[in-house]
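**Student:** Note that this note's numbering has the sequence shown beginning at 747, numbered continuously upward.
For the record, the hints were derived by calculation from the structure and aren't laboratory data. Beta carbons are placed, not taken as given, at the ideal position from N, Cα and C, and that holds for glycine.
In the DSS-like style, the derived pairs of lysine-lysine whose C-alpha atoms are separated by at most 27 Å in a straight line are:
id	residue 1	residue 2
1	K901	K815
2	K795	K935
3	K890	K837
4	K795	K918
5	K935	K950
6	K837	K804
7	K889	K833
Distance windows between CB atoms, simulated:
id	residue 1	residue 2	range
8	T925	E982	15 to 23 Å
9	V924	N992	16 to 24 Å
10	S916	G863	43 to 51 Å
11	V848	P909	15 to 23 Å
12	L919	K815	44 to 52 Å
13	P850	K900	23 to 31 Å
14	E894	L919	24 to 32 Å
15	D969	G863	38 to 46 Å
16	S896	E971	29 to 37 Å
17	I818	D969	41 to 49 Å
18	D972	E897	36 to 44 Å
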Amino acid sequence: MKNTFSDRPYVAATVVLGLAFIIAFIALGASVRQLRSTENTISVTGSAKERVSSDIGKFVGSWSRQTTKGSIAAGYSDLAGDLSKIKAYLKTAGATDEEIIVEPSTSYTEYDYDERGNRVMSSERVVLRQSVSVTSSDLPKIKKMADEASEIVKKGVFFEPQPAQYLYSSEKLSTIRVTLMSKAIIDAKNRADAIAEATGANVKKLATASSGVVQLLRPDSVDVEDYGSYDTSTIEKDVMITVRANFELR
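Build the full structure now, drawing on both the sequences and the hints.
**Tutor:** Here it is as structure tokens:
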């Protein structure tokens, strides 16, 4: 009589258990290889910083006139008269026609409200507003223009100047970004070497690297932002960049 698995159920069970053991052993081996692969890399952050001088200066200011809907034409005429006084000051300060940018005027209506929160219709006021900017590579001129902007107010113009802004041109920023990325990766490699040496390993090569956002900071500042920062208050500024690098170990 022939023997079958159905005749000897314990034989079938032994075969199934054996196959399960083999499959589990293969899966375990794959997991160990994956674990070792993970353990054979190190992830570090490197950074690099360089001091630069701004090459663009910008002065911005705005002014306004208050009128009524019935006198809005006269209000715009007053606004234009203010612009003439402002331009006269800017040109006296050294600005050229090409450097002066006048933005289109805007307007909005203001209302008064009574003690119950109801709008008082008879108190409608229209505010007309306009802004002007001067952009130049002559930074001392921009600084002087901003510092002495009170001269415009003395001419009877309700002028609101902003502090001078000092910028670093995008072309130069793109160039220095490439240089700083290289330096940041070297810094990351040095850090990886120090960590690996402490654990008895050696850094083999760079596996992957990703760059962080560019930070333009006040000199010696550490006030970085997740989405990048751009300080415009100082002529001298620090350009900083970080990289996240993964190195293979051996």
